[in-house]
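Single-letter residue listing:
Protein chains: 6
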Amino acid sequence: MRILIVNPNTTEALTSLMVETGRVAAAPDTELIGLTARRGFPYISGRAEAQIAGAIALEMLAEAHAGADGAIIAAYGDPGLHGARAMFEIPVVGVSEAAMLTACMLGDRFAIVTFAPALAAWYRDCVAIHGLVQRCAGIVAIEQSFSSIVDVQDDNLDALVALANWTITDKGADVMIFAGAPLSGLASKARSRIPAPIVEPIAAAVKQVEALVALRPRKAATGSAARPAAKASVGLPPSLAAYLANADA
Amino acid sequence: MRILIVNPNTTEALTSLMVETGRVAAAPDTELIGLTARRGFPYISGRAEAQIAGAIALEMLAEAHAGADGAIIAAYGDPGLHGARAMFEIPVVGVSEAAMLTACMLGDRFAIVTFAPALAAWYRDCVAIHGLVQRCAGIVAIEQSFSSIVDVQDDNLDALVALANWTITDKGADVMIFAGAPLSGLASKARSRIPAPIVEPIAAAVKQVEALVALRPRKAATGSAARPAAKASVGLPPSLAAYLANADA
Amino acid sequence: MRILIVNPNTTEALTSLMVETGRVAAAPDTELIGLTARRGFPYISGRAEAQIAGAIALEMLAEAHAGADGAIIAAYGDPGLHGARAMFEIPVVGVSEAAMLTACMLGDRFAIVTFAPALAAWYRDCVAIHGLVQRCAGIVAIEQSFSSIVDVQDDNLDALVALANWTITDKGADVMIFAGAPLSGLASKARSRIPAPIVEPIAAAVKQVEALVALRPRKAATGSAARPAAKASVGLPPSLAAYLANADA
Amino acid sequence: MRILIVNPNTTEALTSLMVETGRVAAAPDTELIGLTARRGFPYISGRAEAQIAGAIALEMLAEAHAGADGAIIAAYGDPGLHGARAMFEIPVVGVSEAAMLTACMLGDRFAIVTFAPALAAWYRDCVAIHGLVQRCAGIVAIEQSFSSIVDVQDDNLDALVALANWTITDKGADVMIFAGAPLSGLASKARSRIPAPIVEPIAAAVKQVEALVALRPRKAATGSAARPAAKASVGLPPSLAAYLANADA
Amino acid sequence: MRILIVNPNTTEALTSLMVETGRVAAAPDTELIGLTARRGFPYISGRAEAQIAGAIALEMLAEAHAGADGAIIAAYGDPGLHGARAMFEIPVVGVSEAAMLTACMLGDRFAIVTFAPALAAWYRDCVAIHGLVQRCAGIVAIEQSFSSIVDVQDDNLDALVALANWTITDKGADVMIFAGAPLSGLASKARSRIPAPIVEPIAAAVKQVEALVALRPRKAATGSAARPAAKASVGLPPSLAAYLANADA
Amino acid sequence: MRILIVNPNTTEALTSLMVETGRVAAAPDTELIGLTARRGFPYISGRAEAQIAGAIALEMLAEAHAGADGAIIAAYGDPGLHGARAMFEIPVVGVSEAAMLTACMLGDRFAIVTFAPALAAWYRDCVAIHGLVQRCAGIVAIEQSFSSIVDVQDDNLDALVALANWTITDKGADVMIFAGAPLSGLASKARSRIPAPIVEPIAAAVKQVEALVALRPRKAATGSAARPAAKASVGLPPSLAAYLANADA
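Protein chains in written order, with numbering that gives the first Met the number 0: chain C, 0 to 248; chain W, 0 to 248; chain D, 0 to 248; chain B, 0 to 248; chain R, 0 to 248; chain H, 0 to 248.
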């Protein structure tokens, strides 16, 4: 099974980190193919950037989807997810969506812990869009600084663990999600220091795509996940334009 | 990986049907072990029976959980699920919970189609308890009769398909769930007749337990999914009483 | 009027305490009949135990309902309530349901104050199932220990009062509910120390059953509160099995 | 026990009808005292009139509350309820509030059936203000005409019954409420023709006030139901002005 | 364009303050006409008083609406708004409604900051009635005292600013609303001390009425905002009675 | 006042139609400047296209915002709105947001009527993101075909009017919104045929931007609407990249 890990950002180190973290939980015959955006931002910090990166995710999928069995939008906040789900024949899952739905099977309410306050409003949108407000105990962020985006989790491990534990005692969180690609792999490091189950988002996403591929549901031919009618466009990247222009492609 | 399919009803034919249906989607190394209740009802039709069958599910798990890697509460409505999740160390997933969460990755809103109006209020509770009201386009039931519980899906295939299609056109459903153990396996039969993806509940549950086992989250030590403190009891089945009496067992 | 106070736990002292507390508010011609479970737990601490105790409540009612005018599920969290409401011809009210609905007539939002954090997730379910989330200012628990379940309220009176007052100042609670059978009778002790009205749950339940009996609504013949169709069973207590087997009994 | 039935409309026949209907369910020692507005409208048909009639209800209570044990705002939609609850020391219950809360103990979801479409938006507000949207299966109105407000129920019995039955089959209603003072007493006439329990609003209100009086909760000294601070006014009816001017009166 | 600023309280200084504050944002050709209640309270502090003042607002509009192009209910909590909107042909907007809807275009969630805790429950109603709970980060009040109602904002500027800033850091508020007529004009004074946009309620209301007048939507002839059918009354102020008596007036 | 009407589609005729429709309601000194996307789609039909067009809207604003006083995202569904609101110093309003918020002041619940079923899921997202689900009576679409996107409203006037009237009688809608740029100007044509007020979306958006400009709230320096920190990028259009790279630009 070939699963695309679509990182709509330009930082290859984050793609590698996610592929590596996802591999730990993947089935033996699952091949994870990391894709890093060739244009866009080193990291998405909010809704404006997510708007742009979501469009880039669609470009990346238009180019790479052939031959894949499923795909993951590998940026927390799931930029471009609903569009991708509708456009492509293969299952597409968002890393935050997968983390939250998986968390729902481990306890009543999950907390989302992240590393920058600016991410909060965007993640709040994400919880709301997925209809999971009732299952969310809170969305919290440390305020510490960090030396570089790839060092965030090591620079701030203690603060992240402390904040996670605070959501348990003060917000009644039952399950923990460390959100944001730079926190990939943190679940295993924090495991012994937090008394609640922790969902590793990219690993959860890999398992959820594997599940959808195994279940083999038909592609929606109607409704919100159906492929849009063929449409002409101007000035879009060629693969994307070609795919959108031909509903049968 | 050994997964228990805990059917809290007494009809072995339904257990077999679920094991067989689940096997189609299971990983090669997954062993599905069907358990049929030795006491209780041939089939659960509502909340009173679910109250009783949920307690029976806990008895069954107390007896059989050792050596298993995960378990499925294999009756729609998930009787006993939250209790089981808290009590046992292994992941426990409900068949309706798994179907709904899986459906969330295939479209905005799922419909639940079942075979008896009496099931509706109970399933509505189930959607609400899982916090998924916003994702549910409707819960509907045919009113036809059937010769026996195991023949329900064949006796009523056309009516079920028609009702499912009605939820698409009239309720805006994007994804379909045929709910109730007797409808296990219906997804593949109806696939060509319904333009939306259909989630096969027991198959989805197998994949979700496999996912949780692969992710290896720690058992909750606090919160709503933590194991209850040891407690004495009177008059409960011996395995259940022993398990509850010793928090370290 | 004969009202059953069905304590689905095995501690007779709690049954007595509830009967006695309920009597203060009962009408002159109301007879309160306390029933203590012959099997189960000395006290229910969460969802697993409530699953089992709820089934026991149905057994108790199957045995004792004849000749009664109404019944109260006398354990906070209302284990077995919806099943009992459907199964029996007489009105059945839950002690938490009655407390919350009564509180709604005394102010905008009630707080639920209890004596063990483990009860919180279960009580949260209870508020949600009754559709009263919007009316609930918070569910809080002291963390103190206690010498025995019947001494909880005396051992912790000051802490419970302080916590209740905190829900007023910090959560905007307008009405107070001390939840849990062991806190029966606390309302009168705390009355002078809390500036909000306090609802005594078992007393509220007695009044609500009296109200339903006086109003004499017909038994539902359809919908979520209708009696389930007759159903065979195996291995259930004889009274319960017989009642379930014969819809006309 | 002296309970005021405060009809904030000017039609004495409706007051009489409500007193008479309430008496059937009242306790032997309960005295129901009907009060009819001396100014205002013969009947309230919407929010503008309810705004005015709610203020009149406060005037009526300021004049009549002394010596009473409790009061009912006896117009569906509960005009003036929250103000009255805060202002007076005695328990005050709204007839729609009482009907809905009582209905909650008889099934999952109630329908509200009334006799004029113009009432719907106002009643929808009422359900929302009481936080009971989740418990409401629908608010529906017949469109027939009627010869006079007191003849509404007899002129339209068949249509009202048919509409009520439609809410059961099409909206999943479990319990029925016929709303509006002119429909007082309809519950008993329709009982044999509707397969769901019917709550008689004024009777439910009588029982709920009796319950609150028996429970003897203290008056709120803080929060949304606390008595407002003393306040001067100009041009209000003397009893009302005097009461508001003196917080200790 | 002639816009009525209907202050349903008797304090002319507040009317003047609101007219003056509204004028800053008004279009050049907008004439703001302040109306002060001739009966009622110097200031509304809660739901009881709002019930009465809302009826007074309708009296004031019945008398003054002729020749006006639009009107503002100029007391926070919008007493009488829905009745007024239905009764009159001209657009009527509430000052709190306008503030909240305008705030929605400046950020995800607004906070409401006011000067007396007693106002909170009433304002909470107001947010709920307008269906904006999801957009509201919190409703908070200072507890300081003040020398007179018109001096509230100057006596408490620092405390109000501090509380507003707290809703940003602790509640995630994005936009600020200082609520209550006595706080009119505070937005500009606090502008440099709060890092979020502040909506000046009366100014927002002026702009919203101007917008509605410019858009020229037809008056509703059906539904919740349609003019009530003509109705006789007794004992109401003559202008109000006459207007209500004649649907064509 | 210079207001940009940012049409993120490539059809100039729709831009012209919107500018012309908006002009009718604009203030005398308001200049409406229509901008048509130079790349993208002739018309957006769903979420995939909105993802891309939203990014294009940000490009257009990055290029054109200097010298403008405010801007409108002039495609129903508000693609790119939240990103634009955060990025730019000038007020930015979405045409659907403005229509819905304005509709809230004309009645309890609005209906959204559009011309293609595929738009429904996307518009449903839009209502949810703005937190206005409770105010929305329904989202409906005709299923007729049309000769070209600019002829939609003339080809289908009768069907659109009939559907709008159906939402009034069957869904309880109080206010009407015809959604989609191709329906601009329909409000005035349908006015005499629908008994509810109709909001013209682009006209409402013009008035709302005018209102925000007149109110002069400060730009958020914190929270969900604050400008993102400066960020480098690769491969984005130069104006957009430059703007994002320099938080002080």
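Treat the hints with caution; some may be incorrect.
The list treats identical chains as one, so a pair stands whether inside a single copy or across any two.
To be verified - Taking lysine-lysine and the BS3-like style, the derived pairs with C-alpha atoms no more than 27 angstroms apart in a straight line are:
#1 K188 x K230
#2 K188 x K170
#3 K218 x K188
#4 K230 x K218
#5 K170 x K218
These are calculated hints, taken from the structure and not from any lab test.
Against the earlier hints, flag every one the structure doesn't satisfy and list their numbers going up.
1
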